[in-house]
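Chemist: Letter by letter, the chains look like this.
Number of protein chains: 2
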Amino acid sequence: MANDRSFEEAREGKANRRSEILNAAGQLFSRQGFHATSMRDLAKAVNLQGGSLYAHIQSKEEVLFELVNRAADEFLSSAEAVPSDLSPREQLERLVRGHLEVIVRELDNATVFFHEWKFLNPDLQRKITARRDAYEAHFRRVIEAGVQQGQFQVEDVRLATLFVLSALNWTYHWYRPGGKLTLEALSSHYCKLIFRTLGAQ
Amino acid sequence: MANDRSFEEAREGKANRRSEILNAAGQLFSRQGFHATSMRDLAKAVNLQGGSLYAHIQSKEEVLFELVNRAADEFLSSAEAVPSDLSPREQLERLVRGHLEVIVRELDNATVFFHEWKFLNPDLQRKITARRDAYEAHFRRVIEAGVQQGQFQVEDVRLATLFVLSALNWTYHWYRPGGKLTLEALSSHYCKLIFRTLGAQ
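Here the protein sequences line up with chains A and B, keeping their order.
Position 111 of the first sequence, counted from 1, bears residue number 111 in UniProt numbering, the numbering being contiguous throughout.
Position 101 of the second sequence, counted from 1, bears residue number 101 in UniProt numbering, the numbering being contiguous throughout.
Calculated directly from the structure, the hints in this document are not laboratory data.
Since the model is a prediction, treat every value here as computed from it, not as a measurement.
A few of these clues could be false.
When chains are identical, the list treats them as one kind, so a pair holds in a single copy or across two.
Claimed, not checked - The list that follows gives simulated cross-link-like pairs (lysine-lysine, DSSO-like), each with its CA atoms no further than 30 Å apart: (1) K180 x K14; (2) K60 x K44; (3) K180 x K127; (4) K118 x K180.
For reference, chain A alone in the conformation it holds in the complex (with noise of 0.2 Å):
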């Protein structure tokens, strides 16, 4: 017992030294970018040897593939918790509030995910673009729901769907939590905005 007892705690704590590792990456490949940011700046942040970076992670690419793919993790679970039986405007509004709310969670993982992405090697980037592709096609199928039901008016959904999610996606550029827009005044702000843009009725 007291032998399984002490492998457990070593296992946690492991996986606890795994996540804070993919933390303090998350923060440094958000802040000066993956390329400038080296083994021994993820090491010094989780008061590590250079060497025993090693026992818990394998690489800086399997680091930032990681981050990039729980954003999108994130990004989808969000989308697929919009129940499908809502009218196509209130199942836009969940999606608007869900993209908003990830990226202000996230906001570093979110950063990594929109920026450091092209870092990762081609058949990498291939599965996180199959990801980005389900998800704006939720936005997509949305919009396209709305207009042959007759609540939006557009006249080229891909466009259109584009311009909404390019909207939101700016947001980790300048929003930061904390300050006086709130999200939830930034999300009704931007859902308004969106409706409009789609000419809702």
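With the hints as your guide, set chain B onto chain A.
Modeler: Just chain B, lined up with the frame of chain A:
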């Protein structure tokens, strides 16, 4: 006379070389990032020995500042060229078209401007921030004027300006000149969406 001419030619040759180096740097920084580009990469791209590069440029950071600052020049001159005696709606249309045109024409420099400027030192960042603010103010003032004259209906001019500029800025992530979507089609479409966003009458 002969001497004057060779002096002129040498000076011109040097200016051409510098401009060639800046173009190559724009491509490299936008595709692989500022930090992942070495002076050696840059020398190789313009067929110079590493050391000879220093006859033309002082440092990678000097080149980064020049690229970012040139992009700022392009955005600002485009905005300053909009006649202030047009209606706010017409002015906004010119601002939007000008913004997209600069992004599309200067895709590499615009990418460096939006992506890599954070790698400038704090002093140089402040210079660029001041120019970005001045540029944003062109949009804000025109939207504000449109609201005052009853051409636009906007609750929060600052947020609406951010929304519009965000949607425009993101274009450099996905737009590729020479594809099916022409700059003219993109601009007309985006103008329509923006007018709707702003509740234009």
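Chemist: 30 Å Cα cut-off: does K118 pair with K180 within a copy, between copies, both or neither?
Modeler: Classified as between: cross-chain Cα gap 24 Å, same-chain 33 Å, threshold 30 Å.
Chemist: Given identical chains, is K180 near K127, meaning Cα to Cα at most 30 Å, within a copy, between copies, both, or neither?
Modeler: Classified as between: cross-chain Cα gap 25 Å, same-chain 37 Å, threshold 30 Å.
Chemist: Which holds for K180 with K14 at a C-alpha limit of 30 Å: within a copy, between copies, both or neither?
Modeler: neither (39 Å within a copy, 51 Å between copies)
Chemist: Given a CA cutoff of 30 Å, do K60 and K44 count as a within-copy pair, a between-copy pair, both, or neither?
Modeler: both (14 Å within a copy, 27 Å between copies)
Checked against the numbered hints given earlier, this structure breaks only hint 1.
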